[in-house]
Structure formats: structure tokens, C-alpha cells
Amino acid sequence: MKEALVEKYFRKGHLPHLWCPGCGNGTVLGAIVTAIDNLKLDKNDVALISGIGCSSRSSGYVDFNTANTVHGRALPIATGLKMARPDMNVVVASGDGDCSAIGGNHLIHAARRNIDLTLVVFNNSIYGMTGGQYSPLTPPGFKATTAPYLTIEPMFDILELARAAGATFTARATSYHVPLLTSLIEKGIAHKGFSIIEAVTGCPTNFGRQNKIAAPALMMAWQRDHGVMKAKWDKMTPEEREGKFPIGLLSERNDVTEYTKAYDEIIKRAQGAEA
Amino acid sequence: MALKFVTSRCKGCGICAYFCPKKVLTVTELNKAAIAEGKENDCISCGQCEMRCPDYAIFVEREAK
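Residue numbers (the working numbering), protein chains in the order written: chain L, 81 to 355; chain F, 1070 to 1134.
These are computed hints drawn from the structure, not numbers from a lab. Some hints could be false.
Computed list of lysine-lysine pairs in BS3-like fashion (alpha-carbon distance at most 30 Å, straight line) [as the list claims (entries may be wrong)]:
no., chain 1, residue 1, chain 2, residue 2
1, F, K1101, L, K292
2, L, K88, F, K1073
3, F, K1091, F, K1073
Negatives, chain L to chain F, calculated, CB over 12 Å [said to hold, decoys possible]:
no., residue
4, E83
5, H97
6, G102
7, G106
8, T107
9, N148
10, P220
11, K272
12, A297
13, G328
14, L330
15, R333
16, D344
Think of the CB as a built atom: it goes at the ideal place given N, C-alpha and C, for glycine as much as any other residue.
All chains should be modelled from the sequences, with the hints used to inform the complete structure.
Here's what the structure looks like:
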């Protein structure tokens, strides 16, 4: 991230941040800040709401309207804020466990309502802060503190889950593909409706060490080698797709009414306007 | 070229050194990113280090046009 953006948007007294050496969360937060700067939004018109977990510490480092809330409940609190202040650009930072397990129900209902929030899922495939337990987004066949003989559970495709529940913008990038990640977050904020951007990122300490890929740069190189742009992914055979994942804008639709707009109509009707 | 290091923030993860296309960067014994010996004039200001640094500890200083 450019130095001028650190100067402009960060609470510099809180740097260096507490994330481990090589943790991709810093890179993802940099992409969020760059996207907001590219959109030329006033920082007073932006809110960054987070839940609990390593990634959710991100809200403490940046000078927007921020709240580090309760585990899994970033989306409900962001929903409340958006209902009270529909003019505000509300971005939600959540981890894979925070968002898909503890807050899984909130995720599907926020998506169902199509409320204009931009959710950035920092997916490091593990519960980092609590010591490396596997999450619903840990792929099968990996070690975790709670799976010393390898995980056997299939993982969620969180974007498919959100899309099926009603999210109108789903996209994925990684902490290696920074320009792509930045542009997708930008598009997600500009999109009027529920946007979810999965940022695949590395946890060298709690995922890497247990799975013998502890070098942070190697985790990023893994993302480079396994993320496939959607256009290419669509032409690949199931065998070629094995072990890889699609990145880019995966789905977008603009034919669904956004929730705060629909609610405005209800307020007008309740106040006696003609239906 | 000019690279600016904020060593107080650098945690020596080595991401900048790994992805530097010109192998300009290295991680010192003190676990900080630095310019490798003899590579002082090799930086092409591509910005890959600045873009991915998770700790906002390395910046490319571009000359004002």
C-alpha cells in the first residue's frame, strides 16, 4: 500500500499492528483502504465494522467510523447501522470462522435481505487467534489443533452459500492478487446490494506451521499458483480444477430490490402515502 | 530509484524479498528487510514489495512528475 494512504487513513499510533510476521491480514486491510481511496469517499462517510478474531482487529487500525463488535455479529450490527444511516458506506471485515460458523446464520440472512453492505471475508482457513482449530472453511486433508490426524469435513464454498442465500455480488481474490482484490472491493462497495468478497489469505503461524508451509512467502506463492481467473476456470475440466479455486467477479445481479430502499417504501406507506 | 524502509514496522517475513523480480531485497540477520549487497542500483520501482507488504514497512518513492 502506498505511504500516502497510511498517512491519510491509519491510526498510526497503533502501528505496528499485532498480526504475526507474514500474516496476510495487513495486505487485505491495505486493499480495503486503497479501494476506499480509489472511490474518493470521505472517511466520515465510511464505516468499518468487524466481529471477533485476528482479522477483526483490522477496524482498530483505520480512521473510519469503526466498531470491533461481538463474535459472529458484525453483520447484524452493520445492518443496524445501515438502517439508521442508509447514506453511509458500510464495510464489514470478518474472518472465515467468525462469518461462516459463529455468524453463519447472520450471513445467510443478510444475504437474503440484499442489504447494501460490503462484506470482506478474510479467509485464512483456520481459527488463528484461539490457536489453530479448524473452521468450516478449512479444506479436508489438513492438520489443525482439533484435527491432529487431518480434517475430514468438506468445506463450505462461502460464495456459493451467499449467492444461494441471495447475495447479489460475489467475488474472490487473494492476498497475492492485490490489484484484483482492490478492484473487487471497489466494485463491491459501489454495488447497491449485499456484496461479499472472499480474500484468501495465509496464516503462517497457526495454519502454516501445522501443515509444513510456514514461510509466509510460500503461502502467497501457493495462492498465486492455485487461484485461477474465472474466464479460464469456466473452460477447465473437472480434473484440471482439482485443488484450484476460481478468482475474480463470480456473480453479480442488479434486478433485486435493496433492503433499505424497500424499507423506505414501507416508511412512506406507514405514513399514509398511496400504495 | 528509492526504497523507503520503516524498520520499526518490519517483521522480517520476507514476502518482499521473495517476490522482488530483480532480487534487490533481502532479510538481514536482525530480521529486517533491506537492500542486498551490490543491488543498490537494480530496483526498477515496480512496487511489488510495497503492494504486498503486510506491515506497511516498505515504500517506493517515486519522483514527482
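Here is how each hint holds up against the structure:
For the hint linking F:K1101 to L:K292, the alpha-carbon distance of about 23 Å falls within 30 Å, and the restraint holds. At most 30 Å may separate the alpha-carbon atoms for a hinted pair to count; L:K88 and F:K1073 meet this at roughly 18 Å. The hinted pair formed by F:K1091 and F:K1073 meets the criterion: a straight-line CA distance of about 17 Å does not exceed 30 Å. Not every CB of chain F is more than 12 Å from the CB of L:E83 (nearest about 4 Å), against its label as outside the interface.
Annotated as non-interface, L:H97 brings its C-beta within 12 Å of a C-beta of chain F; the closest such distance is 7 Å. The beta carbon of L:G102 sits about 3 Å from the closest Cβ of chain F, which is not more than 12 Å, so the claim that it is off the interface is violated. Against the 12 Å criterion, L:G106 falls within the reach of chain F, whose nearest CB is about 3 Å from its own CB. The beta carbon of L:T107 sits about 5 Å from the closest Cβ of chain F, which is not more than 12 Å, so the claim that it is off the interface is violated.
No Cβ of chain F approaches the Cβ of L:N148 within 12 Å, the least distance being about 19 Å, so the stated non-interface status holds. For L:P220, the shortest C-beta to C-beta distance to chain F comes to about 28 Å, beyond the 12 Å cut-off, and the non-interface label holds. Residue-level check passed: L:K272 sits 29 Å from the nearest beta carbon of chain F, beyond 12 Å. Against chain F, the non-interface label of L:A297 is violated: not every CB pair exceeds 12 Å, the least being about 3 Å.
Annotated as non-interface, L:G328 keeps its C-beta farther than 12 Å from every C-beta of chain F; the closest such distance is 18 Å. Once the 12 Å rule is applied to beta carbons, L:L330 is consistent with being away from chain F; the minimum gap is 23 Å. Every CB of chain F lies more than 12 Å from the CB of L:R333, the least distance being 31 Å, so the non-interface label holds. For L:D344, the requirement that its beta carbon stay farther than 12 Å from each beta carbon of chain F is met, with the minimum near 40 Å.
Checked against the numbered hints given earlier, this structure breaks hints 4, 5, 6, 7, 8, 12; the rest are met.
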